[in-house]
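Following the hints, put chain B in place on chain A, whose structure we already have.
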Amino acid sequence: AQSVTQLGSHVSVSEGALVLLRCNYSSSVPPYLFWYVQYPNQGLQLLLKYTSAATLVKGINGFEAEFKKSETSFHLTKPSAHMSDAAEYFCAVSANFGNEKLTFGTGTRLTIIP
Amino acid sequence: ETGVTQSPTHLIKTRGQQVTLRCSSQSGHNTVSWYQQALGQGPQFIFQYYREEENGRGNFPPRFSGLQFPNYSSELNVNALELDDSALYLCASSSQGAYNEQFFGPGTRLTVL
Chain A
675 AQSVTQLGSH
685 VSVSEGALVL
695 LRCNYSSSVP
705 PYLFWYVQYP
715 NQGLQLLLKY
725 TSAATLVKGI
735 NGFEAEFKKS
745 ETSFHLTKPS
755 AHMSDAAEYF
765 CAVSANFGNE
775 KLTFGTGTRL
785 TIIP
Chain B
93 ETGVTQSPTH
103 LIKTRGQQVT
113 LRCSSQSGHN
123 TVSWYQQALG
133 QGPQFIFQYY
143 REEENGRGNF
153 PPRFSGLQFP
163 NYSSELNVNA
173 LELDDSALYL
183 CASSSQGAYN
193 EQFFGPGTRL
203 TVL
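Listed in order, the protein sequences are those of chains A and B.
Add 674 to the 1-based position in the first sequence for this note's numbering, that's all there is to it.
Add 92 to the 1-based position in the second sequence for this note's numbering, that's all there is to it.
This is chain A alone, in the form it adopts within the complex (with noise of 0.2 Å):
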């Protein structure tokens, strides 16, 4: 089975600053893992995923996250912070990629700090 946590409900950073949310899994099965970002109102996006081909994984917006298997943690960051980048952003996991259920975190929001 897999799970996944993500420490902190609300992160609050400035407008210019990094921006670090976390995420641990765990997983049964070498994981495929993802972040997603949620507007108000809205679906869900996809940042970026993992898939095993490299540990460091680039997304959209400016987001990148690094799979570190030793701490099964896949943390999502960007280095400067935008005021649209405030949203509700999920971490997931699945066994297989595709086509196999995702299990999300509970979330973290992010507010900008102007």
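Keep in mind that a hint or two might mislead.
With the Cβ distance kept under 8 Å, some of the chain A side facing chain B (calculated, not the full set) [unchecked claim]:
| id | residue |
| --- | --- |
| 1 | P714 |
| 2 | L718 |
| 3 | L720 |
| 4 | K723 |
| 5 | K775 |
| 6 | F778 |
| 7 | G781 |
| 8 | T782 |
Hints are computed from structural coordinates only; laboratory data are not their basis.
Beta carbons: idealized from backbone N, C-alpha and C, even for Gly.
For chain B alone, coordinates are given in the frame of chain A:
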């Protein structure tokens, strides 16, 4: 290319009623997955349909059922609605095969009174 669409956008029902939610998959996709997102929570997998057959189910009771049609659109039906069924219902479409990501629709907000 048309993305994933869902209808209706919002819905209000009372306890005990039945509801049908609809999802049109993205062009070229043959798989639809449904998720329930309660307020303040992450989405939870309900079930998946592939070529009109259920292809995996999460921990939801039988009163949650679904259909997939030959054009790969899908319906989610919930019978005997309970207050805890109030949530955002998301569908995601994809194509079977390796490295094919799921594309999510905007969701249907269901309120049960």
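- Message: So, against the hints stated earlier in the document, which numbers end up violated here?
- Response: Result: hints 1, 8 break, sorted rising.
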